Amino acid sequence: MSKRIIIVLLGLTILFLPVSLFAITAQEIVREMDAQATFETSYATGSIKTVDRFGTKESTFKAWSRGTTDSLIEFTSIAERGQKILRTKGSLYLFYPDAEELIRMQGAALRQSVLGSDLSYEDMTEEKTTLDDYDVTLDGSETVRGRDCHILILTAKTRQVAYPVQKIWVDKETFLTWKGEYATNHGRLLKKMEVLDTLVIDGRTLPKETRIEDAMKSNSATWMMLDTLEVNIPLESNLFTLENLTW
Amino acid sequence: MSIIRIEKVSRNYKTGATLVKALKKVSLTIEAGEFLSIAGPSGSGKTTLLNLIGCIDELDEGEIFINDTAISSMDKIEKTAFRRNNLGFIFQTYNLIPVLSAYENVSFVLSLLDISEREIKRRTYEVLMEVGLEGMEDRRPSKLSGGQQQRVAIARALVKNPQIILADEPTANLDSKTGAEILKLMKRMNEKYHTTFLFSTHDQMIMDYASRLVQLHDGAIVSDERRR
Amino acid sequence: MKFILQLAVKNLSRYKRRTIITAVAIAVGLMMYIIVDSILRGASLESMRNLRWYETASLRVYAEGYWEDRAFLPLENSIEDPASIMSLVEGEQGVATVRTTFAAEMILYSDDFGENGNMNVKVTAIDPTQDFEVYRFEDTLVEGRFLEPGEMDGLLLGSWFAEDIGAEVGYWVTLLTRGKGGFYEAFDMQIVGIVNCPNPNVNRTLIMMDIAAADTYLGMENSVTSIDILLPEKTDLELAKVAIQAKLPEGLEVFTWKDLAQDYLAIVGAKQGGTGMILFLVFIIAAVGVSNTMLMAMYERMRELGMMRALGMRDRDILLSFLFEAGGIGLIGSVVGIALGSLVNIYLVNTGFDFGFMFRNMDIGFRISSVMRGAWSLSTILKAFSAGIFLSMLVAVLPIRRALKLDIPTCLHHQ
Numbered sequence: 001m002s003k004r005i006i007i008v009l010l011g012l013t014i015l016f017l018p019v020s021l022f023a024i025t026a027q028e029i030v031r032e033m034d035a036q037a038t039f040e041t042s043y044a045t046g047s048i049k050t051v052d053r054f055g056t057k058e059s060t061f062k063a064w065s066r067g068t069t070d071s072l073i074e075f076t077s078i079a080e081r082g083q084k085i086l087r088t089k090g091s092l093y094l095f096y097p098d099a100e101e102l103i104r105m106q107g108a109a110l111r112q113s114v115l116g117s118d119l120s121y122e123d124m125t126e127e128k129t130t131l132d133d134y135d136v137t138l139d140g141s142e143t144v145r146g147r148d149c150h151i152l153i154l155t156a157k158t159r160q161v162a163y164p165v166q167k168i169w170v171d172k173e174t175f176l177t178w179k180g181e182y183a184t185n186h187g188r189l190l191k192k193m194e195v196l197d198t199l200v201i202d203g204r205t206l207p208k209e210t211r212i213e214d215a216m217k218s219n220s221a222t223w224m225m226l227d228t229l230e231v232n233i234p235l236e237s238n239l240f241t242l243e244n245l246t247w
Numbered sequence: 001m002s003i004i005r006i007e008k009v010s011r012n013y014k015t016g017a018t019l020v021k022a023l024k025k026v027s028l029t030i031e032a033g034e035f036l037s038i039a040g041p042s043g044s045g046k047t048t049l050l051n052l053i054g055c056i057d058e059l060d061e062g063e064i065f066i067n068d069t070a071i072s073s074m075d076k077i078e079k080t081a082f083r084r085n086n087l088g089f090i091f092q093t094y095n096l097i098p099v100l101s102a103y104e105n106v107s108f109v110l111s112l113l114d115i116s117e118r119e120i121k122r123r124t125y126e127v128l129m130e131v132g133l134e135g136m137e138d139r140r141p142s143k144l145s146g147g148q149q150q151r152v153a154i155a156r157a158l159v160k161n162p163q164i165i166l167a168d169e170p171t172a173n174l175d176s177k178t179g180a181e182i183l184k185l186m187k188r189m190n191e192k193y194h195t196t197f198l199f200s201t202h203d204q205m206i207m208d209y210a211s212r213l214v215q216l217h218d219g220a221i222v223s224d225e226r227r228r
Numbered sequence: 001m002k003f004i005l006q007l008a009v010k011n012l013s014r015y016k017r018r019t020i021i022t023a024v025a026i027a028v029g030l031m032m033y034i035i036v037d038s039i040l041r042g043a044s045l046e047s048m049r050n051l052r053w054y055e056t057a058s059l060r061v062y063a064e065g066y067w068e069d070r071a072f073l074p075l076e077n078s079i080e081d082p083a084s085i086m087s088l089v090e091g092e093q094g095v096a097t098v099r100t101t102f103a104a105e106m107i108l109y110s111d112d113f114g115e116n117g118n119m120n121v122k123v124t125a126i127d128p129t130q131d132f133e134v135y136r137f138e139d140t141l142v143e144g145r146f147l148e149p150g151e152m153d154g155l156l157l158g159s160w161f162a163e164d165i166g167a168e169v170g171y172w173v174t175l176l177t178r179g180k181g182g183f184y185e186a187f188d189m190q191i192v193g194i195v196n197c198p199n200p201n202v203n204r205t206l207i208m209m210d211i212a213a214a215d216t217y218l219g220m221e222n223s224v225t226s227i228d229i230l231l232p233e234k235t236d237l238e239l240a241k242v243a244i245q246a247k248l249p250e251g252l253e254v255f256t257w258k259d260l261a262q263d264y265l266a267i268v269g270a271k272q273g274g275t276g277m278i279l280f281l282v283f284i285i286a287a288v289g290v291s292n293t294m295l296m297a298m299y300e301r302m303r304e305l306g307m308m309r310a311l312g313m314r315d316r317d318i319l320l321s322f323l324f325e326a327g328g329i330g331l332i333g334s335v336v337g338i339a340l341g342s343l344v345n346i347y348l349v350n351t352g353f354d355f356g357f358m359f360r361n362m363d364i365g366f367r368i369s370s371v372m373r374g375a376w377s378l379s380t381i382l383k384a385f386s387a388g389i390f391l392s393m394l395v396a397v398l399p400i401r402r403a404l405k406l407d408i409p410t411c412l413h414h415q
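Chains as they are written, first to last, in this note's numbering: chain A, 1 to 247; chain B, 1 to 228; chain C, 1 to 415.
Worth flagging that the hints you see were computed from the coordinates, not collected in a lab.
Remember, predicted model here, so these are calculated numbers, not experimental data.
Each hint should be verified, as a subset may be incorrect.
[Said to hold, decoys possible] With beta-carbon atoms standing in for the labels, derived distance ranges: (1) C/L398 <-> B/A172: 32 to 38 Å; (2) C/N116 <-> A/G140: 30 to 36 Å; (3) C/S13 <-> B/A81: 42 to 48 Å; (4) C/R314 <-> B/Y13: 24 to 30 Å; (5) C/E300 <-> B/A172: 44 to 50 Å; (6) A/G67 <-> C/D164: 47 to 53 Å.
Built from N, CA and C at the ideal position, the CB exists for glycine as well.
So that you can see chain A by itself, here it is in the shape it has in the complex (with noise of 0.2 Å):
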């Protein structure tokens, strides 16, 4: 065979190739999904608001990280100020600055909710392995806020997690996450997410507002919003350990 027809068969052959084996995997979906929201480090600014039946109450916070194992919040609001969270070295910290006391939270402690919130500590400081955790289909693609998005339907692998069924719909070219729905595995709906404005930094789209419903109770929601956000900024080597936050 000469050269001309090799050539042309294997672009033939290229053509007509199915689809798939060009389109993306739901696993490359959320690993980008995963690295689009991880920085190297990073610094935030913003604000936490919670309504339900008895109320709103908003609470303002700093926030760094590195990598996916490093975060540290701190309170600025006024009957918060100064409390802070941190997670290093896969255990969690509490700091109240009016006790001076520092509690480490495991087990059990980790569910409880953080400030009233629709968040549980275990929420906020989750690391970002999706795939470790959970099977990931692809189910099709779904407009949302003008976004052409996939819908992914992850199913837990074990017991472990939090919410066994998860749907999301991620940004096809951003790899934001619009909105999501987390359930129970008999389908029940716990927890509607949506985010309602984004921004970017450093070339990716990341959420401003972000908006959590309880699906079980009515009238009970939480806003979480960012108002700055620097990353890969250099952050002080011992800004994640136990001395500096008890200071």
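Assemble the complex: chain A is given as a structure, and chains B and C must be docked to it using the hints.
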């Protein structure tokens, strides 16, 4: 034979900052069976002397011998026992126990000694009869006249056959007629049982009855007169 | 001695009014002591019964690590092979049952409850066939029916809890919880029965469901959070605990009802301090009253005292006479106090007081929901009796001894 020997006995009392010398080196010998009156004005030391002989007060100086036993050699318990066994007391204000009957006021003195119930009963009834209170054994002091109460007191003093009876102003609370009766009774007992009677008094009637009169003045003996 | 006693008795009638007042004061104090002791004893007995019958049983087996985190009701520290443990336990003359207790959020809906709502609750999953061997809920049903084995969506509520949330048989609720491992689970349950449990702490919070259902929802895989054991009443629980612990495989711990009801024991301890206080107050009354009476008697009889000493009565015998007199006042007080206290106690023991209105909204620590009854105690009565006499004699000692220190002439010439 002398039953009581008082040798250079002194007794002082402190009243506030002042030291009062109630008895000043008094010496006296008393024979068994005497009916002796110690007389003198108030503050002369007669009651003090009686108290010392009765072992209810402490000597400061000198010694008192009763039956050749020195009083100051006895401790509190020995003195109590000595009084219990050997001495009788008659008081101006009778000092009967108001909740006890005449019989009980007399018999309790015997119950302090090692005597059988039967014996106590016999002797008590006997002495009450002796003092003229037969039939009044069950009466409480409130139901007895002054004279009758003093008779009970005399019976109480006599019932244990003491060697010495000390009487401090025994007629002071009685009218003259009753006083005379009481005095006669005591004299009769003195003659019958040969009990030594010592009176502290300024009652002239007692002084007249006494076989010996010792006069005290300011803590010292000023006269010692044998009458009969 | 006969005379001394005779004198003491006769002297009691000497100051009738004073004696009566003092004796009455002692009597009232002792009566209070008997009554308070009776109520506390009765409350304690009933509480212990209600604890055993409805809350703690006699002993409980937990997996290692559960006790430290018990506030969080951790499903991860569960007993893996309960069936084998049960057979070990039942050899000790006890009966046992399995239970799984977990924390949940109960979500109420306006359809049934009139408005939406949610609250944090504790749910106890039971084995309906075995639970009644250990606990006595069998006699407490007031509405609806009991749970059936394997029933996936039935709930049993305590009547006070039902009342507090406005629940009725037939209403639906949702329980939102975290299963073993941490995964969220939500399941709808219908109230099938309401029980009226005499233990208020239980009645106020009780939610029961079937354990097989809980096993499915929570992913327990046949493990349970506790094995509850009932032993015969007079069993020495500490011995039994040791015996059972020795038989158990590693990784399990045994607790007695005392370990489980520490809050109750703290209250009881505090309240027993209360009876001690009352007895102390009685002592003060006796001390003041009798002491005063004896002092006055002393001063009034000073000359008599001098006379008796002069006539050779031993100080010891005089002291005894006055002590017997003081003791006599105490005796009168004791007898009257015990008589009165016992009379009141008859009512307390047989009828009692209904404090239901108070207990409904207040947790006083005792496990009693309505009627508080008294209980007889011979030892208390004997203690009260002897305390009245002994304390009276005790406080008379000082004033008498002081008087006896005076010299005889001073006594004789006392005005």
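How the hints compare with the structure:
no., hint, in the structure
1, C/L398 <-> B/A172: 32 to 38 Å, "holds, 35 Å"
2, C/N116 <-> A/G140: 30 to 36 Å, "holds, 34 Å"
3, C/S13 <-> B/A81: 42 to 48 Å, "violated, 32 Å"
4, C/R314 <-> B/Y13: 24 to 30 Å, "holds, 27 Å"
5, C/E300 <-> B/A172: 44 to 50 Å, "violated, 22 Å"
6, A/G67 <-> C/D164: 47 to 53 Å, "holds, 49 Å"
Checked against the numbered hints listed earlier, the structure breaks hints 3, 5; every other hint is satisfied.
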